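Participant: Those protein sequence lines, which keep their order, are chains A and B. Residue numbers for the first sequence follow the numbering used here, so the first one is 1 and each next one is one higher. Residue numbers for the second sequence follow the numbering used here, so the first one is 1 and each next one is one higher.
Everything labelled a hint here was simulated from the structure, so no lab data went into it. Here the structure is a predicted model, which means the values were calculated and not measured. It cannot be assumed that every hint is accurate.
Said to hold, decoys possible - From the structure, some residues in chain A lie toward chain B, with a derived Cβ separation under 7 Å: (1) 101; (2) 203; (3) 207; (4) 216; (5) 218.
Claimed, not checked - With beta-carbon atoms standing in for the labels, derived distance ranges: (6) A:326 <-> B:146: 45 to 51 Å; (7) A:428 <-> B:184: 40 to 46 Å; (8) A:147 <-> B:86: 47 to 53 Å; (9) B:86 <-> A:326: 33 to 39 Å.
For every residue, glycine included, the Cβ atom is placed at its ideal position computed from N, Cα and C.
Residue strings, one per chain:
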Amino acid sequence: MTTATTSVSGPAANAAGENMRFYGVWLVGVIVLVVLPLVFSSGGSLTSFSLIGIAIVFALSYNILLGQTGLLSFGHAVHYGLGGFMACHMMNAVVSHGWPIPLPFIPLFGGLGGLAFAILVSWLMTKRAGTVFAMISLGIGELVASSSLILRSVFGGEAGITTDRTALPRMFGWTFGPQIQVYYLIAFWLVVSAIAMYALTRTPLGRISNAVRDNPERVQFIGYDPHVVRYLAYCFAGFFAGIAGGLAAISFEIANSAYLGAIQSGLVLFATFIGGTAYFFGPILGAILVTYLQLGLTSVTSVWQLYFGIIFIGIVMFSPGGIAGLLMMHRPLLRAGTLWTVIPSYLVAIVPTVALGCGVVLMIETIARYSGGEASAINLFGIAFNPRSPATWIAAAVLVAGGFVIARLTWRRIGEAWDRAATIARDRGYLA
Amino acid sequence: MTAAIEVRAVEKRFGNVSIIRDLNLSIAQGERHAIIGPNGAGKSTTFNLISGHIKPTSGEVRLNGDVISGLRPFEINRRGLSRSFQVTNVFARMTVWENVRCAVLWATGHRYAFWKNVDHLPEVREQTARILEDIHLTHRRDVPAGLLTYAEQRELEIGVTIAGGATVVMLDEPTAGMSHAETERAVSLIRRLTEGRTLVIVEHDMSVVFGLADRISVLVYGHIIASGTPEEIRRDPKVKEAYLGEEAH
Ligand SMILES: Nc1ncnc2c1ncn2[C@@H]1O[C@H](COP(=O)(O)OP(=O)(O)OP(=O)(O)O)[C@@H](O)[C@H]1O
Ligand SMILES: [Mg+2]
Chain A
1 MTTATTSVSG
11 PAANAAGENM
21 RFYGVWLVGV
31 IVLVVLPLVF
41 SSGGSLTSFS
51 LIGIAIVFAL
61 SYNILLGQTG
71 LLSFGHAVHY
81 GLGGFMACHM
91 MNAVVSHGWP
101 IPLPFIPLFG
111 GLGGLAFAIL
121 VSWLMTKRAG
131 TVFAMISLGI
141 GELVASSSLI
151 LRSVFGGEAG
161 ITTDRTALPR
171 MFGWTFGPQI
181 QVYYLIAFWL
191 VVSAIAMYAL
201 TRTPLGRISN
211 AVRDNPERVQ
221 FIGYDPHVVR
231 YLAYCFAGFF
241 AGIAGGLAAI
251 SFEIANSAYL
261 GAIQSGLVLF
271 ATFIGGTAYF
281 FGPILGAILV
291 TYLQLGLTSV
301 TSVWQLYFGI
311 IFIGIVMFSP
321 GGIAGLLMMH
331 RPLLRAGTLW
341 TVIPSYLVAI
351 VPTVALGCGV
361 VLMIETIARY
371 SGGEASAINL
381 FGIAFNPRSP
391 ATWIAAAVLV
401 AGGFVIARLT
411 WRRIGEAWDR
421 AATIARDRGY
431 LA
Chain B
1 MTAAIEVRAV
11 EKRFGNVSII
21 RDLNLSIAQG
31 ERHAIIGPNG
41 AGKSTTFNLI
51 SGHIKPTSGE
61 VRLNGDVISG
71 LRPFEINRRG
81 LSRSFQVTNV
91 FARMTVWENV
101 RCAVLWATGH
111 RYAFWKNVDH
121 LPEVREQTAR
131 ILEDIHLTHR
141 RDVPAGLLTY
151 AEQRELEIGV
161 TIAGGATVVM
171 LDEPTAGMSH
181 AETERAVSLI
191 RRLTEGRTLV
201 IVEHDMSVVF
211 GLADRISVLV
221 YGHIIASGTP
231 EEIRRDPKVK
241 EAYLGEEAH
């Protein structure tokens, strides 16, 4: 999973070693998925892991568009949602007709639902890239979301379509009642989908998608129709989004209009971008972080969306490559053996940066709770702050101002250490 | 034998300005044909018209006898015509290797395949490696195209253009901005790589033009005022007056 989508994969001298490392990473990923629920076995963490797994499939499918093909969609949740509805209807049909289809096959029908709609709408959508595509995707998203409230027989109106996953034929004697069984079902589909989507990046279509992303004009002069490339990429993205939606339907035993709305489309864009679109594993990191934050923040603060906004702006401004880009920046330094020269400057920067962060959090929470008329204490690292006390306001101001001034100095030090390390790496030929 | 390229009475208007007027051009199979003319004469526009980048307002273009005007660029490319761009126009975030490989994929028949591993296609790998060897960029194969030096980008531009094995190759000022030594290298490269193919080249450097071309066409204000062998062009009084005169000062 560490292989960049832009990396080379021709015959290399150390091909064997690279292969080992490559399969090793995937193997570790699978082992983590298997072992995770054994280590953290509470019902709450199983649910969280399930949600994260679904979010990863969804974000990876979105990156087929954004990272691989350069298509910015504001309506990707349409395929996720339709996949979810398709899965719910399929489950209910299996139960009522007595078809011999066990639950683990249901996500496939979710995928086909997402794919079917992609086949229908995306030929027109992908005629153009850029702003035109983005606007059409927004329009289609709104169209489907509002239709879902009108077409009651298909979408079940406000209430949505409910289903019972335990009523389906069993497989290996599993009822899929307990969350742990649902978790393993999701983990299975996560692995299958991730491998399939990774494999897609290494096919002729995958590489030409990259070319279309970089320069759709030139692609036409090497024999390819960028419209067809975008269309095919979109169909794959719709298919895997549908699988994610099908998994969500299984997990929640319901599909409703929230699945295919703008908020869901925004979240997947958010997760993918924060994780980093230039590397295959970027959206995985983003999905983990965003789902985790979503679950964690909503229980401790009423303004969690504000934090999402701040994180998003921070990433866009300071690290447009996302978390993955930030991590992979260090690879040439690691290879050149100069990474250790920048680590100390990171360590020095941690304290003031964390202080600054705490100050910002304290300030936001104070304002939010004060103006919201809420008097509950703000709990930060086990210290309780009273939002109505001037001491809290002063502490926030000192942390923000002092933290910023000192943090800026340490960030400058990081920059200098970077330049030195990068120069050496460049001299040693690890950095272009 | 049918001409490789036949341009008949082509006109191109942008708004109500005629950029190309009554353009007639015939390029024989296997010929090395240079198009020269002052800045803004319409040389790149002619390339755009032939390669399908823009459509003629009237007139027709034939490739190996078949009408191609009105077809889209990728359809024309699939019929064996490939062109380069005056301003380097490659895939900036992809490596040199991937740039060339993408240009090989259609011609080797892999098209939009999503069931094949692109790394496990021996003929693609061999052809890509050969092209990289030809354009002297093997040692830079893993570098993103956007980070190449100017001269290297120009060589990659040529590589991407010829990679698909087109029988008609059109190069728009391939040596523009290159040093003398780089130009010499690029010209011998072009000479070698277009062996047995039809070459159409736009070039400002007269020593390159007269050294390389079998025939030359002179384009002035969107109209070809003379077409012939280098000797004929050198002697043509119209050309002397309109173009070579100012060039040779
Ligand atoms: N899309 C367009 N719309 C309007 N005018 C255009 C367009 N493309 C080219 N032109 C005009 O057509 C004329 C010919 O341009 P072209 O680029 O073909 O010249 P050229 O012979 O290639 O010149 P150079 O030697 O500078 O490359 C120029 O005056 C240019 O401004
Ligand atoms: Mg030009």
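Participant: Now tell me, hint by hint, if it's right for this structure.
Facilitator: Status of each hint after checking the structure:
no.	hint	in the structure
1	101	violated (26 Å)
2	203	holds (5 Å)
3	207	holds (5 Å)
4	216	violated (10 Å)
5	218	holds (5 Å)
6	A:326 <-> B:146: 45 to 51 Å	violated (20 Å)
7	A:428 <-> B:184: 40 to 46 Å	violated (32 Å)
8	A:147 <-> B:86: 47 to 53 Å	holds (49 Å)
9	B:86 <-> A:326: 33 to 39 Å	holds (37 Å)
Hints 1, 4, 6 and 7 from the list above are not met by this structure, while the remaining hints are.
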